[in-house]
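Participant: Build out the structure end to end from the sequences listed, making use of the hints.
With mature numbering (1 follows the signal peptide of the UniProt record, and there is no 0) as the guide, the letters of the sequence shown map in order to residues -24 to -1, 1 to 614.
Worth flagging that the hints you see were computed from the coordinates, not collected in a lab. Some hints could be false.
As the list claims (entries may be wrong) - The calculated DSSO-like cross-link candidates involving lysine-lysine, where the alpha carbons are at most 27 Å apart (straight line), are:
| hint | residue 1 | residue 2 |
| --- | --- | --- |
| 1 | K466 | K486 |
| 2 | K182 | K382 |
| 3 | K44 | K182 |
| 4 | K461 | K370 |
| 5 | K466 | K589 |
Stated by the list, open to error - Derived DEER-like restraints, expressed as beta-carbon distance ranges:
| hint | residue 1 | residue 2 | range |
| --- | --- | --- | --- |
| 6 | T581 | M606 | 35 to 43 Å |
| 7 | E604 | S325 | 51 to 59 Å |
| 8 | E180 | S419 | 31 to 39 Å |
| 9 | Q258 | H198 | 16 to 24 Å |
| 10 | L435 | E180 | 39 to 47 Å |
| 11 | A431 | G579 | 27 to 35 Å |
| 12 | W545 | A436 | 27 to 35 Å |
| 13 | R437 | D184 | 52 to 60 Å |
The beta carbon of each residue, even a glycine, is placed where N, CA and C say it ideally should be.
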Amino acid sequence: MNFARKLLIPLPLLMLFVPLSVSAENSASSVSATVETGGAGIAVSDDIKRVNEYSVIRTKPGVNPYGKVDLRVREQGIVFDGTSRFMDSRDQTHEGTLDVKRVFRTSFSYDAFQHWLDHDQLNYLDAAIPPASSYTGNAANPLPLTPNTVPGYWYTPLPGTTTPAYGGSSATPPAGYQAQQIGRATLYGEDLTPNSDFSIVRREWKSDTDLTIPQLPNLTFHFNYRNEQREGVEQSIGMSKCTSCHITGGGKNIDENTRDISAGVTGRFGLLTLTYTFLNRQFRENAAAPTRLYDPALSPGQAYAVNGPFDNRLLYDYENGPLRYDATPDSNKNSHVVKAKVDLPGEASVFASYVNTKVDSSKSDEPGIFTLDRQKLESTYDSFGGRVTTKVGKRLTFTLRGKTEKIRNDDVGIAFTTLSGTGTAPNQFVPDPTSLQATRYSSLSRDSYTIGLDAVYRLARRTTLRLGYDFNEVNRHEQEFGDSKIHTVKASINTRPSTTLSARASYTFKKIDDPFVTPAAALVPMTDVSGNITVGNGPTYGIDFYNRRTADLSNQPDTVHEGNVSATWSPGPRFSTTAYYRIKAERNDLNKGAWKQTSHGPGLTVWYAPTDKVAMTLAYNYQKQKTENMMCQGLYDG
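Facilitator: Laid out in structure tokens, this is it:
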């Protein structure tokens, strides 16, 4: 439950502004201000993330004083409006606007708030054979590791020692060792920070400035600045080295800074309006990436001492020590936007735009595990768009629009270094160095074309019908990802049968040819027509298993039906209520099955304002979603 109160206390300070306001009557100048102070408190008897996700009174339960000041100054064509609200260091807002004789206009603000984040306990993933509790291996006599004798913990020697690693059943390691829990087939979840709270404090400075020089009345220059700082800790989910059989959750420090600087100009020349804007964005993550100690590489049915045929098919395990993951790269962005609009007679208009954007993102490799052929990836975006609007008679308006987009993203070459074999065994697998070179082709590179037609028809004085059709074609450069064609049909009706009642209904249908899918992602035939097992034995198990997958998988629909209805009743200026319902049905008929998802979302909102300074809102939302999907989960110890 979230409970808050404010206590208003008049201050003698208010009297200071009375003489200023009185003296302004004769000089066309004025200064006025209001000051509000009091106490604000919040009490939480449940999870604070559920009732105070975005802190608006306090960031933690308790009581604190607060203050709010509104100031307005008017002097010889100069107008300043400002407001300041302070609850605590993580919950404050300050903003102001300044107009100097309509030549120089600027607005600026500083805003800070805390966002409480979810904490996934990962307690729903366990689908595993429990570790053997009677495992009694030791450094002198490590027992063989088989699918039925995998220890609960793996003891690895501390730095500076050369004693061998071995498994055991106790979470407390012997002297000179550290203990690491081992995942089991097929899936195991482990929350490494079960008692942690995750939250991000966001602070943003922002200013927007317009300058109109009297000697150039047709031109307005724009200068904008934004600096956003995000600090805190969020949960980071990681998975094991070769499959996702061991899922872990830990904390990730966040210290992000995003800085935007933009400048532009707007020119008005009769019926023509032109705008150009340049944006430079710089993103930096100053916190270190989280690290993870991976499970040992264990081959089914093999003792750890003769694990060589399996080791050198993997890139890393616990022997590499803590490795970083979930790293956020730094990036830079430059963008150019040109817009033109022509207002024509008869309520017709023509609009066109061009956007050019370039983003470079820093990447880093892990020497000894994998290396990249470049340390910076570049993405470019070019787009041309246009829109023509015209009115036919007094009731019908048509809009024809189109857009072309070209996206290019660098491919990157990757060279892998596998673990070295640690023992001898029959049929030992020795990787071919040339097979460990790969190119990551970008799924982002594509050409996209969109054309659409909208029609608005006024059926009656307070009833409007809208119809629309869009066609979008996406041609991806990497043919493995396929090309898509998307047809969208939209219809909606808005009506206001009386001054107190309004209603809206809409329907959208999408047909997507060849949506984004992963081909041959699952469903391995394990036996031949005679019932003989064909996969699961021998040193080439992994190669056989993955190469024989047959089923395509996707979480993207090829058919979508979506409907929305809502009605609002406002019998007076102090009361209104809105009821709504949304349903969405999605489906994708894949080669070996179907992906289906159905969502229902009814809701009700009630607003009531008994006085000018008191308003209350009651809202209820219900969400039900059902997803059906075929998945393939390999039973595998490792």
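Participant: If a hint holds in the structure, say so; if it doesn't, say that too.
Facilitator: Comparing the hints with the structure gives:
1. K466 with K486: Measuring from Cα to Cα gives roughly 9 Å; hence the hint holds.
2. K182 with K382: violated (31 Å)
3. K44 with K182: Judged against 27 Å, a Cα distance of about 20 Å means the pair holds.
4. K461 with K370: violated (35 Å)
5. K466 with K589: violated (41 Å)
6. T581 with M606: 35 to 43 Å: holds (39 Å)
7. E604 with S325: 51 to 59 Å: violated (47 Å)
8. E180 with S419: 31 to 39 Å: Taking Cβ atoms as reference, E180 and S419 lie about 32 Å apart, which means the hint holds.
9. Q258 with H198: 16 to 24 Å: The hinted range 16 to 24 Å holds for Q258 and H198, with Cβ atoms some 19 Å apart.
10. L435 with E180: 39 to 47 Å: holds (45 Å)
11. A431 with G579: 27 to 35 Å: Since the Cβ atoms of A431 and G579 sit about 30 Å apart, the hinted range of 27 to 35 Å holds.
12. W545 with A436: 27 to 35 Å: violated (20 Å)
13. R437 with D184: 52 to 60 Å: With Cβ atoms ~39 Å apart, the hint is violated.
Consistency with the previously given hints fails for numbers 2, 4, 5, 7, 12, 13, ordered from lowest to highest.
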